[in-house]
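> Letter by letter, the chains look like this.
Protein chains: 2
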Amino acid sequence: MAQTGTTRIRHTVAFKLKHPKGSSEEKDFLIAINKLADIPGVEKFECMRQVSKKNKYEFGVSMEFANQKAYDKYNTHPDHTAFVQNRWLKEVEDFLEIDYEVLK
Amino acid sequence: MAQTGTTRIRHTVAFKLKHPKGSSEEKDFLIAINKLADIPGVEKFECMRQVSKKNKYEFGVSMEFANQKAYDKYNTHPDHTAFVQNRWLKEVEDFLEIDYEVLK
Numbered sequence: 000m001a002q003t004g005t006t007r008i009r010h011t012v013a014f015k016l017k018h019p020k021g022s023s024e025e026k027d028f029l030i031a032i033n034k035l036a037d038i039p040g041v042e043k044f045e046c047m048r049q050v051s052k053k054n055k056y057e058f059g060v061s062m063e064f065a066n067q068k069a070y071d072k073y074n075t076h077p078d079h080t081a082f083v084q085n086r087w088l089k090e091v092e093d094f095l096e097i098d099y100e101v102l103k
Numbered sequence: 000m001a002q003t004g005t006t007r008i009r010h011t012v013a014f015k016l017k018h019p020k021g022s023s024e025e026k027d028f029l030i031a032i033n034k035l036a037d038i039p040g041v042e043k044f045e046c047m048r049q050v051s052k053k054n055k056y057e058f059g060v061s062m063e064f065a066n067q068k069a070y071d072k073y074n075t076h077p078d079h080t081a082f083v084q085n086r087w088l089k090e091v092e093d094f095l096e097i098d099y100e101v102l103k
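Residue numbers (numbering that gives the first Met the number 0), protein chains in the order written: chain A, 0 to 103; chain B, 0 to 103.
No wet-lab data here; the hints were simulated from the structure. Just so it is clear, CB atoms sit at the ideal spot from N, CA and C, and this is done for glycine as well. Be a bit skeptical, because a hint or two may be false.
[As the list claims (entries may be wrong)] The following label-pair restraints were derived from C-beta to C-beta distances:
no.: 1; chain 1: A; residue 1: 93; chain 2: B; residue 2: 89; range: 39 to 47 Å
no.: 2; chain 1: B; residue 1: 15; chain 2: A; residue 2: 75; range: 25 to 33 Å
no.: 3; chain 1: A; residue 1: 45; chain 2: B; residue 2: 39; range: 23 to 31 Å
no.: 4; chain 1: B; residue 1: 23; chain 2: A; residue 2: 5; range: 26 to 34 Å
no.: 5; chain 1: B; residue 1: 85; chain 2: A; residue 2: 86; range: 41 to 49 Å
no.: 6; chain 1: A; residue 1: 6; chain 2: B; residue 2: 74; range: 41 to 49 Å
no.: 7; chain 1: A; residue 1: 83; chain 2: B; residue 2: 45; range: 41 to 49 Å
no.: 8; chain 1: B; residue 1: 68; chain 2: A; residue 2: 81; range: 36 to 44 Å
no.: 9; chain 1: A; residue 1: 81; chain 2: B; residue 2: 15; range: 17 to 25 Å
no.: 10; chain 1: A; residue 1: 81; chain 2: B; residue 2: 80; range: 42 to 50 Å
no.: 11; chain 1: A; residue 1: 83; chain 2: B; residue 2: 15; range: 23 to 31 Å
no.: 12; chain 1: B; residue 1: 85; chain 2: A; residue 2: 29; range: 40 to 48 Å
no.: 13; chain 1: B; residue 1: 102; chain 2: A; residue 2: 6; range: 32 to 40 Å
no.: 14; chain 1: B; residue 1: 78; chain 2: A; residue 2: 65; range: 16 to 24 Å
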C-alpha cells in the first residue's frame, strides 16, 4: 500500500550474486545496477562492496528518495521493473532490504 | 585480525530492541547510542528508524571511518566497549552488521 509520508527515505539492499568473484558476469551486473541511478527520483546512489565477515553479502546499494511517493514511483518505473525481471531475479543469490527514515 | 587498508568504511548496524515501542527505555537507549558519535574517529554518525517491512529491525546506526585503523580504534575504545557491555548486550534483541567500502 502506498504511503504518503514526507520523510526522506534511504533505501539499501545488501546482496550476494550467483556469479564467481571477479568474474566478467559480476562486472557486467555491477554496470547494470549502477544504471538505476538514472531513474528519476533516485538521489545519492551508491554501489559498494560489503566487507564485514559477520554476514554473507558481497555488495550493497544505497539510494535516497525525497519521500515515499518518489520511492513508489521508482519501484514501478519500467527501467526498475525490467532490471528486476531481467537481471536481479536471475543473478542474485540472496539479499536483504533495509530502509531508513533519514533525519533532514 | 586488524587490517591496514586505506579504504573509507561505512559501518552500519540494524537492530531490534527488547523494549516496547515508544517506551522510556527505548528512548533512553537511543540517547545512549547517539553518544557513540563523540568517540574519536567516528564520522557522519546517524541513528535512524528502520521502515521496511521486509526485515525485523526497528532502528539502525550508520557511521564512517577514514580507514580500517580508525575503525579498529573505535572498536576498542573504552566508551564503545562499555556501551556494548552495559547497554547493547542487555537491551538488543537482534541485530545485523553490514559494512561497506565507500568510494571516495
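> For each hint, tell me whether it holds in the structure or not.
These are the hints, each one checked on the structure:
1. A/93 with B/89: 39 to 47 Å: violated (31 Å)
2. B/15 with A/75: 25 to 33 Å: At roughly 30 Å between Cβ atoms, residue 75 of chain A and residue 15 of chain B fall inside 25 to 33 Å, so the hint holds.
3. A/45 with B/39: 23 to 31 Å: Given about 25 Å between the Cβ atoms, the range holds.
4. B/23 with A/5: 26 to 34 Å: Because 27 Å falls inside the window, the suggested range holds.
5. B/85 with A/86: 41 to 49 Å: Holds: the Cβ-Cβ distance is about 46 Å, inside 41 to 49 Å.
6. A/6 with B/74: 41 to 49 Å: Cβ of residue 6 of chain A to Cβ of residue 74 of chain B: about 31 Å, so the range 41 to 49 Å is violated.
7. A/83 with B/45: 41 to 49 Å: Hint violated: Cβ distance 28 Å, outside 41 to 49 Å.
8. B/68 with A/81: 36 to 44 Å: holds (43 Å)
9. A/81 with B/15: 17 to 25 Å: Violated, since residue 81 of chain A and residue 15 of chain B (Cβ atoms, about 34 Å apart) do not stay within the stated range.
10. A/81 with B/80: 42 to 50 Å: Because 48 Å falls inside the window, the suggested range holds.
11. A/83 with B/15: 23 to 31 Å: holds (27 Å)
12. B/85 with A/29: 40 to 48 Å: Check passed, 41 Å falls within 40 to 48 Å.
13. B/102 with A/6: 32 to 40 Å: Because 27 Å falls outside the window, the suggested range is violated.
14. B/78 with A/65: 16 to 24 Å: violated (35 Å)
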